[in-house]
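Protein chains in written order, with my numbering: chain F, 1 to 810; chain A, 1 to 290.
Among the hints, erroneous ones may be present.
[To be verified] Straight-line Cα separation of at most 16 Å, EDC-like style, residue types lysine to aspartate or glutamate; simulated pairs:
id	chain 1	residue 1	chain 2	residue 2
1	F	Lys741	A	Asp116
2	F	Lys734	A	Asp116
3	F	Lys14	F	Glu314
4	F	Lys695	A	Asp112
5	F	Lys147	F	Asp119
Don't read these hints as lab results, they were simulated from the structure.
In this text the structure is predicted, and so the values were computed from the model without any measurement.
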Amino acid sequence: MKMISMLLEHKGGKMEIQSIYSNHQLNKMAKDLYQETRNKKRLDGWFYALEAKLDCLDSLPDDSNMIKSAFALQAIVQKIPLSISENNIFAGSQDDAFSRTYALINPAFKVESFTGYNDVVGIFSDIEPNDDITEARITSLKERYEKTQYVQELNQVNTDSIKYTKEAVFFIEQVTGHVIPDFKPLLQFGIDRFIKEASDKEIKENNVKYKDGYKAMKIALEAYIILSNRYADLAKEKANQCTGNDKKRFLLMENTLRHSIHTGAKNLYEALQLFLIAWQCMCLEQIVNPYAFSVGNADRIFEPYRALEDTDRETASALFKHFLVFYNVGDRSWAISQNLILSGKSIDGQDLTNPTTYALLDAYYDMNLPQPILSIKLHRNTPDELYKEIGRFLFTPGALTPSFFNDDELFDVLSAHGIEQNDLEDYSVAGCQEPLIMGKDNGNTTNTWLNLAKILELTLNNGYSTLTGEKIGLSYRELGYDSTNPEEILYGIREAFYKNTKIIIDLMVEQGNNASKAISNLAVPFLSTAMGGLENGIDMRDYEEQGTKYNASGCLIHGSTVVSDSFVAIDDLLKYRPEDASNLLEALRNNFEGYEELHQFLSTAPKFGNSLPEADNEAEAVVTKVANFVNESKNYLGNSFRSDFSTPSTHLLYGYWVGALPNGRKSREMLNYGLDPLYGEATNGIGLRVLSARKLPYELMPGGAATHFGLDPKYFKGDNYYQKGIEVKNKIVKPYFFGHKEDHAAPFYFYVNVTTPEILRAVLKDPQKYAPSGVYIMRIHGTFVNFLDLSPSIQDDIIRRLDLKSTVTC
Amino acid sequence: MRVFQLGFNYSQDGPGNRLVIHMQGCNMFCPWCSNPEGIDPSGTIIIDENFLPSDKFLRDEMLKSFKNELKSQNKDNLHSSLRTNRRNQAFRFSYEERPVDELTQLAIRSKDLFYDGGGVTFTGGEATLQFAELKTMLTLLSEENINTAIETNGTSNKLSELFPLINHLIIDYKIPFSNFHRETVGTSLKILEKNIRKASYEHPDLTIRTPLIHNINDSKADALKFLDFYNTCNKKGFKVEILPYHEYGKIKWSQCGMAYTMPKDSYVTEKTVSFFENLFNENDINVIRT
Numbered sequence: 001m002k003m004i005s006m007l008l009e010h011k012g013g014k015m016e017i018q019s020i021y022s023n024h025q026l027n028k029m030a031k032d033l034y035q036e037t038r039n040k041k042r043l044d045g046w047f048y049a050l051e052a053k054l055d056c057l058d059s060l061p062d063d064s065n066m067i068k069s070a071f072a073l074q075a076i077v078q079k080i081p082l083s084i085s086e087n088n089i090f091a092g093s094q095d096d097a098f099s100r101t102y103a104l105i106n107p108a109f110k111v112e113s114f115t116g117y118n119d120v121v122g123i124f125s126d127i128e129p130n131d132d133i134t135e136a137r138i139t140s141l142k143e144r145y146e147k148t149q150y151v152q153e154l155n156q157v158n159t160d161s162i163k164y165t166k167e168a169v170f171f172i173e174q175v176t177g178h179v180i181p182d183f184k185p186l187l188q189f190g191i192d193r194f195i196k197e198a199s200d201k202e203i204k205e206n207n208v209k210y211k212d213g214y215k216a217m218k219i220a221l222e223a224y225i226i227l228s229n230r231y232a233d234l235a236k237e238k239a240n241q242c243t244g245n246d247k248k249r250f251l252l253m254e255n256t257l258r259h260s261i262h263t264g265a266k267n268l269y270e271a272l273q274l275f276l277i278a279w280q281c282m283c284l285e286q287i288v289n290p291y292a293f294s295v296g297n298a299d300r301i302f303e304p305y306r307a308l309e310d311t312d313r314e315t316a317s318a319l320f321k322h323f324l325v326f327y328n329v330g331d332r333s334w335a336i337s338q339n340l341i342l343s344g345k346s347i348d349g350q351d352l353t354n355p356t357t358y359a360l361l362d363a364y365y366d367m368n369l370p371q372p373i374l375s376i377k378l379h380r381n382t383p384d385e386l387y388k389e390i391g392r393f394l395f396t397p398g399a400l401t402p403s404f405f406n407d408d409e410l411f412d413v414l415s416a417h418g419i420e421q422n423d424l425e426d427y428s429v430a431g432c433q434e435p436l437i438m439g440k441d442n443g444n445t446t447n448t449w450l451n452l453a454k455i456l457e458l459t460l461n462n463g464y465s466t467l468t469g470e471k472i473g474l475s476y477r478e479l480g481y482d483s484t485n486p487e488e489i490l491y492g493i494r495e496a497f498y499k500n501t502k503i504i505i506d507l508m509v510e511q512g513n514n515a516s517k518a519i520s521n522l523a524v525p526f527l528s529t530a531m532g533g534l535e536n537g538i539d540m541r542d543y544e545e546q547g548t549k550y551n552a553s554g555c556l557i558h559g560s561t562v563v564s565d566s567f568v569a570i571d572d573l574l575k576y577r578p579e580d581a582s583n584l585l586e587a588l589r590n591n592f593e594g595y596e597e598l599h600q601f602l603s604t605a606p607k608f609g610n611s612l613p614e615a616d617n618e619a620e621a622v623v624t625k626v627a628n629f630v631n632e633s634k635n636y637l638g639n640s641f642r643s644d645f646s647t648p649s650t651h652l653l654y655g656y657w658v659g660a661l662p663n664g665r666k667s668r669e670m671l672n673y674g675l676d677p678l679y680g681e682a683t684n685g686i687g688l689r690v691l692s693a694r695k696l697p698y699e700l701m702p703g704g705a706a707t708h709f710g711l712d713p714k715y716f717k718g719d720n721y722y723q724k725g726i727e728v729k730n731k732i733v734k735p736y737f738f739g740h741k742e743d744h745a746a747p748f749y750f751y752v753n754v755t756t757p758e759i760l761r762a763v764l765k766d767p768q769k770y771a772p773s774g775v776y777i778m779r780i781h782g783t784f785v786n787f788l789d790l791s792p793s794i795q796d797d798i799i800r801r802l803d804l805k806s807t808v809t810c
Numbered sequence: 001m002r003v004f005q006l007g008f009n010y011s012q013d014g015p016g017n018r019l020v021i022h023m024q025g026c027n028m029f030c031p032w033c034s035n036p037e038g039i040d041p042s043g044t045i046i047i048d049e050n051f052l053p054s055d056k057f058l059r060d061e062m063l064k065s066f067k068n069e070l071k072s073q074n075k076d077n078l079h080s081s082l083r084t085n086r087r088n089q090a091f092r093f094s095y096e097e098r099p100v101d102e103l104t105q106l107a108i109r110s111k112d113l114f115y116d117g118g119g120v121t122f123t124g125g126e127a128t129l130q131f132a133e134l135k136t137m138l139t140l141l142s143e144e145n146i147n148t149a150i151e152t153n154g155t156s157n158k159l160s161e162l163f164p165l166i167n168h169l170i171i172d173y174k175i176p177f178s179n180f181h182r183e184t185v186g187t188s189l190k191i192l193e194k195n196i197r198k199a200s201y202e203h204p205d206l207t208i209r210t211p212l213i214h215n216i217n218d219s220k221a222d223a224l225k226f227l228d229f230y231n232t233c234n235k236k237g238f239k240v241e242i243l244p245y246h247e248y249g250k251i252k253w254s255q256c257g258m259a260y261t262m263p264k265d266s267y268v269t270e271k272t273v274s275f276f277e278n279l280f281n282e283n284d285i286n287v288i289r290t
């Protein structure tokens, strides 16, 4: 509020950009700009940037990691080729930080080829040689990169965990991106203030490490000026080459980049420009592929600047359209999972929806881009007006759809896990659905990935994989069994499974921490300034000291309800046909071939998602136990891991590496998504699914949780999008988020796709008819995807995952 | 409580979003019934060929063997085994025992799902065949201020005991001629009509439902006979809903091993439906469509 009132003192006038272009022109330029992006088939910038970085690092004396990284950032921003399009109203691009790599939107991707996310030299296979970037040059850079401390340490992690990762028992990831920087002070005061602050602190600091830290931050912040100046020069050059409004536009751009960056933004245009250059620096600092950096509560960040000149909704929306295009990299929007969140409540319960919320929604709706991902915070007093706006997103075929967060519940969950009251309303979403505090929280969110279903397979099979026959896990004896009698194995399965899970979590955590150590070689002084680093001089990736106010590591937990359903099925087997205990293990090894009748029996056991007490209670037990194991594990700084029950399409990829299971799921089939029932197992509509879901202990999931509802549009009867938005509130949001108080915290995340398999198959068959723009947005987990860009296996997964029998609403 | 189907439904059996509990067993045998698996109070075996092996030989062998078993086995034993050790998707037993307490808890947890005036609806089969369980649960739901509805064939002589516990009472009134009624569905009209009449005076929200079926109850004489009866009731105390014949349950008849005997020409025209509705309207009877 203080900041808003300060800014309001400057209130008056009209943004210059408004006098140059009409909103119609701005909108058209934004759309043309996106088309330029879609036409961009090569992403070479990362190669030049990485080359510049390594050249710089090789030339530097033996200095601290932070200082070396800061100079490397300067080298990158000095050397990378820059350009400004005829359709740009803002300078800046993050294209040079990303390669054409991300698996799920790569049409060549095959489920069986997935090997996790930690092959850091895989990027060199994703660039086609040309006259400038020759094969020899690629090979040379790859070899240099492989020799870096970071890659060598990471390779060691991969070597040490290969026994488990090769069949997806767990995966390790060195986390880049995945935080929410706080650039609000930069927008307010300009860059100079922070360079001075870093400089002053460097002078006063006696501790060598912190002194170096401040120095590195100062150098890194200067990179912001270097980049701005280079763009300003370019803008000036362009201004000199044109006349009329275009000339005015480039001069405005130059002026903003040359001057406003030093003093802070005075209107929405300047705020957006300053923000984008900061974003570019942040991404270049973390090349290559810093996925899932997120904007945070964008409406709260930019509303003060909109309010300063009382910019109308239409104009604000036009500017935001250009802002949104920035986040789309290349032909398939290769920078994935960049989240932007809107609305929500304050700590004292006031709704924080503001005019910028609606302007951003207008921009999103009109542009319908794959990035950045839109999320919306809801609470019991969210205004109906917002639900009405949501309605048009949900019920327009092929339009992007926001995911939803439950502020009322998340405040409590985060508070219980150590987030201070004053910080709660600043939680935002990094990447897909991981709640983190903007500017204060390095959650290291995707550090570890755990596959409970594979652990169950190994536990049941004496440590052997039923897919490959390889010995991966502990034997029966090592797990505490006195006998190899199948009936006794099954009677003791829970105890053995949990014991095995705990052991594997410990191994995974050790390697996860090693990966965090590896990436600490790549210090991030620029980002650290937006993460509280100017308060302590510590890099946010520091392995020994905590640079951010909050720190944790994440664990994405897969297969919870597949495992719980398996336990229930085993119980039934032992109760009704104990004589088949030995047949079960053999049946699993044979993927139920020759055991069809037994398969039928197991498939009809109670399943999670139908509000059947035995199935729901078992799911609650599995989630509780595993979440506690994870939450009690310590990361590289001695902080807790955070349980995150989400599976960003990895339920499909990990399922490929899991043999048949006692719940009747066959070998290599997908696992359950997030916390959801396994596809096809919940068959009695959304009401009973919601009741099952509400039995789970969300308070144990500080890292996040995920649920998807595929909704058939025919169940929403309103006459228009707005009425349907209110229907979504009453039929889905209220019961799921704000319903009957259970023993546990309520769910705090879900997303929807409102469509049917028939509609999607029609889109694939005739994209010209259903998606003339070439874009038909679907949501998979925390990210939008252009359905038409996906690999066939992911398209098929999306169609199956709609699982409409589980969401019949009538 | 023997329940053969449970789930939410919107505004079909009572207002708003409702938890609909289908209770096993019916004392009528309506050949057009859309839930034939719910008719036999002792349960029904449902054969779903979608879950049989795709190999034709294996499929036929399994079917043959099971059907032989059906003939030779003690029915209760077979039912029991299909719920326990021989449980499977292809040969399924129709109902499950669900404790009243468990279902009541489910309803309480569902309160926020009862939007638009929703609540719990008991239907069947015929819900009043399990009268004690039904009354207990209705009482518990009333104590929780949960809206209740019952869709009944109206033949229970204790139905009025439930009136204070039911917010929305839906009684099916299928055939107005007593002999033809008994001949077609197997029960007398006497108690049914007595209950409707009583409810029209005593229950604040009574809906009388008639499935309109060609050659069963769609003639002018039928319409007038319905009207004659309605004239004996408190005409301000009920609404009438006409449901045109459909075949939604047809496939289930064969899955339950029973012949679907309804002729193909059982559908009624919109004109016929309107004729009934207009006749009732003209005689001060409130006609609704949902």
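Hint check:
At roughly 20 Å between alpha-carbon atoms, F:Lys741 and A:Asp116 are farther apart than 16 Å, so this suggested pair is violated. Only pairs whose Cα atoms come within 16 Å are accepted, and F:Lys734 paired with A:Asp116 is accepted, the gap being roughly 12 Å. Under the criterion of a C-alpha separation no larger than 16 Å, the hint pairing F:Lys14 with F:Glu314 is consistent with the structure, at around 14 Å. As the CA atoms of F:Lys695 and A:Asp112 are separated by approximately 15 Å, the hinted pair is consistent with the 16 Å bound.
Our distance criterion of 16 Å between C-alpha atoms is met by F:Lys147 and F:Asp119, whose separation comes to about 14 Å.
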